[in-house]
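Keeping their order, the protein sequence lines are chains X and H.
Using our numbering, the first residue of the first sequence is number 1, and each one after it goes up by one.
Using our numbering, the first residue of the second sequence is number 228, and each one after it goes up by one.
I should point out that these hints are in silico values taken from the structure, not numbers from a laboratory.
Errors might be hidden in some of the hints.
Distance windows between CB atoms, simulated [to be verified]: (1) X/Glu171 x H/Asp842: 36 to 46 Å; (2) H/Arg557 x X/Asp204: 26 to 36 Å; (3) H/Glu829 x X/Asp192: 53 to 63 Å; (4) H/Ala788 x X/Glu123: 23 to 33 Å; (5) H/Phe799 x X/Arg169: 14 to 24 Å; (6) X/Gly165 x H/Phe799: 52 to 62 Å; (7) H/Ala560 x X/Arg206: 17 to 27 Å; (8) H/Ala560 x X/Val52: 41 to 51 Å; (9) H/Gln384 x X/Glu164: 42 to 52 Å; (10) H/Gln1012 x X/Arg169: 35 to 45 Å; (11) H/Gln848 x X/Glu171: 31 to 41 Å; (12) X/Ala109 x H/Asp825: 28 to 38 Å; (13) H/Phe799 x X/Asp204: 37 to 47 Å.
Here are some chain H residues the structure puts well away from chain X; computed CB gaps all over 10 Å [to be verified]: (14) Ala630; (15) Asp709; (16) Glu914; (17) Asp921.
Glycine is no exception: its CB is placed at the ideal position from the N, C-alpha and C atoms.
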Amino acid sequence: MARWGMVIDLDRCTGCAACEVACKSENNVAAVSVEQADMGRASSWMKVMAHVEGEFPDTTMHFYPRPCMHCDNPPCIRVCPVQATYIDDEGIVGQIYARCIGCRYCANACPYMVKYFNWYGPEWSEAERQHLNPDVSVRPAGVIEKCTFCHHRLQKAREDARAEGRELREEDYQPACVDVCPTNAIIFGDLDNPSHAVHTLKDDPRVLRLMEDLGTQPKVYYLRPRD
Amino acid sequence: MSPSRREFLWTMGAAAATVALKGAQDVFWESDESLDVGWAPGIEERRNSTCLICPSRCGIRGRLVDGRLIRINGNPLHPLSRGGLCPRGVAGVQLLYHPERLAGPLVRSGPRGSGQWETVTREQALERIAEQLGSLRAAGRPEGLALLAGYSAGTMQDLWRQFLHNFGSSNYVADEYEDGTEAVMAVMHGIDRRPSYDLDRARLVLSFGAPLFESWWSPLQAFVAFANPDAEEESGPRFVQIDTRFSRTASRAHEWVGVRPGTHAVLALGIAYVLIRDELIDADFVARHVAGFEDFVDAQGQPREGYRSLVMRNYRTEEVSAITGVPVARITALARAVAANRPAVAVCGTDVAFAPNGLLAGLAVHSINVLMGSVNRPGGVLFADDAPVGPLTSPVLDETARAGVGRGPIGTQRPVFGSGGEALRFAAAVAGAEAPIEALLLYYANPIASSTDPSVWHEALEKIPFVVSFSPFLDDTARYADVVLPDLLPYERWQDAPTPTSYPYPVWGLARPLVEPHEGAMHTGDVVLDLARRLGGSVAASLPYESFEGLLKERTRGLFAVRRGMTLGGQFEREHHRQMEERGWWLPEHTDFEAFWDELVERGGWTDLFYDHTDPYRIAQTDSGRIELMPAKLLSALAEEGSELRPYLDVATQTAADSTEFSLRLIPYRVSTLASGTLSLERWLAEQPGIFPDVLWHPWVEVAPETAHALGLSDDTLVWVVAPRGRYRARLKVFPGTAPETVCAPYGLRQPDGEPANPLRLLDSTNDPLTGLPSWSSTFVRLEQA
Ligand code: SF4
Ligand code: SF4
Ligand code: SF4
């Protein structure tokens, strides 16, 4: 059984945010109005965070692309009263929109703040609907949404592999953010499969996981800057 | 009425997870005929093309479902971008399906700028334009036609030029991104071309204020060199960013050297001082290829100090340190790093060139490349070739055209070197009625939003009786047009997309329609050909092409015939080709042009990754045959102008405010997601404008914590940025990377109501008289709580 995970190299990330926009495009993440954005209600399943230290001229800044950590021990699923959020056999933490009652407990329980609530239904104009990705459902008002590791791509890749009568390969299943990154800062694969790059990288001495002490066991690993 | 939650859940359950449905606004999208997928599996296709959003011209691969463009991914075959993209490229789907796109051509029906329009057909619009242009020629005043064109390198530019020329006008006015390096190369090397930078093979990249990872010619070129995604091992060059602003580039470079505003070039000469003092320069290269290093006797027989004496006498590290604020030890270390990591290449950016003495500062920066022999060598400054596409048919000029062209371009006061600030000079000449322009065509130019002085443009537009815009959107300037004939959007049109000169190899990317073109729009290339036909006579005879697509295909025959290069291919193919060509081999892959064209279209373009380092013409084409550190042309131009400026002496911009009222230096910069500076159209990009996760949509300015403290202003306060020339509103962001006493102001943003929030409008009117480029670093402002 695969255990999907991600390694993000902070030395390579330039904070360009291509991953952020690719994620929105792949997953039909709607932009909100300016007023809503001002209230902090914009959704970005992948969000590039800047971490600034020091004062001029000894300032340093690193960028942390922050998706859902797909915790092996996710606090978000424990608090959901209707089991709308769950972890599957391969470690992907998913969200069943049809079950979600919008209580937002999970969003509060998630220490990484990567769950987004749909305060209103998505506003797609007639024209914009043309670019919606038919592989991913859009979400109605009143439900939580979050990064899925582009789970729909896994399903597709698996079908393709099955149709061709072969095993799933590492390159068959890669999320949208990984695909687009111009500096290959994000690496994705099966953490338990020795032939996948992430398997080795997760044991790199540079590895760091966010808020590990909480016991969440995130499957997103960061490679800390060398300096 | 919205359905209750229970009704809603019920519907959801019944409709299964992927069905689209609609109650009121609340719900999924409607199962709408226009979507025409009904969630049944659609026909999926992937097609290569090229991104036309910025000059980088990265390779893209569109994912289409039933003919709709769903996603834009990178094309891994493209040698510059290698499968990566920037966020603007990815957000292109929101440009294509933008709700504000014009539905069709418009003709003004009320007073100018009143917003009253009549919808017309393409035929009517074309007729109207042809009639106006025809009457100009009939009256014998073809020079009354002008074109203001944004970045359009490639066949569109060639076509426009030829059209204007045949028509009888020399008024092709460029309004595009510049970084001043063209003039530096012209002066020192005698080569009229912007430099290429071989970042991939350099071991050290010394960037003087070039926004490499943000809004440079090609951020992707810099990303690829930085991360070296093809290589197994990490072996990219070391990036050193010399910048006043702690930019994204500065933060991600291996080293950031914060210099005082306007002193980049002083630091360059400090580095040169150490290189000369410690005998670290490439003496052999200097001896063979460089003039002006030692003292010399000038054209008037006067003895003059050469570069070495000037630098050794004036740029001792202590003095440089005092001016730039960079410690002596750091200057020495930088010079040592340059010497130890060869090839090292110095890149000159807008922060250097956009200054009152930008050309002299640019010379100083580039002199490091000259001292280190980083010219025409792997990892250095190169002069790339253009892709050898076939020429257009030769121009045919009739009497009218010859007379019109003979009367020259308007706004004759040109700078001695380069063509900076051309658009604004043009507008000033028109506004001042120096020259009557009777028809103006706007092609990817929106000066009302982007210009440093929109009021001059307003005046100019008032004086021009007939204005046509080809913008697909009713942008700030199109609002003042008489006719708007919208161009097709990228992803709908054929266009060649050569990579910018910063990339050392010619890549002739091809953009092709990925989706059905919009009915209300028309390819501006086809408009030009159509107008030529309507005008008839010699104008028509010189552009005998059926369609723009046909013209592109015709020109591609040049690539087919040239016996080098390849259609885009993967890493292995690229290496293979390069190695073959290095040994003087080339194997034809096609005997048939049609097959060649088909493959070129399918793969997304053509490239030639071989560079001939043995060609001496790529070092210097000056009269002396050498790279001139003390350029004869420059010295005589300075003497003629009666200018006091002295090369390598006057390279810094004034470093302190001269008034207490306006005491903060304004540092405008381009934001990578909105680098064009005119429109922020895509909502996804408006949600990711910069590095502050809490600033979405709104314009902002950055100040240092102590500056904010001294002003009694806190983070997120709404402020007025006030300069003697004007003011605008922005949110204050307190950012510890900002230098004290400066205000860093992103350019290209708008207020949520659409009003441009353009710091360039505050700039004083200083410019570099030698290049005509505006000064971006000599304006001081104050902040007031709004
Ligand atoms: S696309 Fe890559 S480099 Fe850009 S922000 Fe995302 S992870 Fe960083
Ligand atoms: S990061 Fe948050 S949303 Fe994701 S699995 Fe962990 S707790 Fe849940
Ligand atoms: S860098 Fe320019 S050409 Fe490349 S993807 Fe971004 S906008 Fe397009």
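So, going through the hints one by one against the coordinates:
1. X/Glu171 x H/Asp842: 36 to 46 Å: holds (41 Å)
2. H/Arg557 x X/Asp204: 26 to 36 Å: holds (31 Å)
3. H/Glu829 x X/Asp192: 53 to 63 Å: Hint violated: Cβ distance 39 Å, outside 53 to 63 Å.
4. H/Ala788 x X/Glu123: 23 to 33 Å: At 53 Å between Cβs, range violated.
5. H/Phe799 x X/Arg169: 14 to 24 Å: Roughly 19 Å apart at Cβ, these two residues keep to the hinted range, so it holds.
6. X/Gly165 x H/Phe799: 52 to 62 Å: violated (27 Å)
7. H/Ala560 x X/Arg206: 17 to 27 Å: holds (26 Å)
8. H/Ala560 x X/Val52: 41 to 51 Å: violated (25 Å)
9. H/Gln384 x X/Glu164: 42 to 52 Å: holds (47 Å)
10. H/Gln1012 x X/Arg169: 35 to 45 Å: Because 59 Å falls outside the window, the suggested range is violated.
11. H/Gln848 x X/Glu171: 31 to 41 Å: violated (48 Å)
12. X/Ala109 x H/Asp825: 28 to 38 Å: With a Cβ separation near 56 Å, X/Ala109 and H/Asp825 fall outside 28 to 38 Å, so the hint is violated.
13. H/Phe799 x X/Asp204: 37 to 47 Å: Cβ of H/Phe799 to Cβ of X/Asp204: about 28 Å, so the range 37 to 47 Å is violated.
14. Ala630: Check passes; 47 Å lies beyond 10 Å.
15. Asp709: For H/Asp709, whose nearest Cβ neighbour in chain X is about 27 Å away, the distance exceeds 10 Å, so it holds.
16. Glu914: violated (5 Å)
17. Asp921: Violated, because the least Cβ-Cβ distance between H/Asp921 and chain X comes to about 7 Å, which does not exceed 10 Å.
Violated hints, listed in ascending order, are 3, 4, 6, 8, 10, 11, 12, 13, 16, 17; each of the other numbered hints is respected by the structure.
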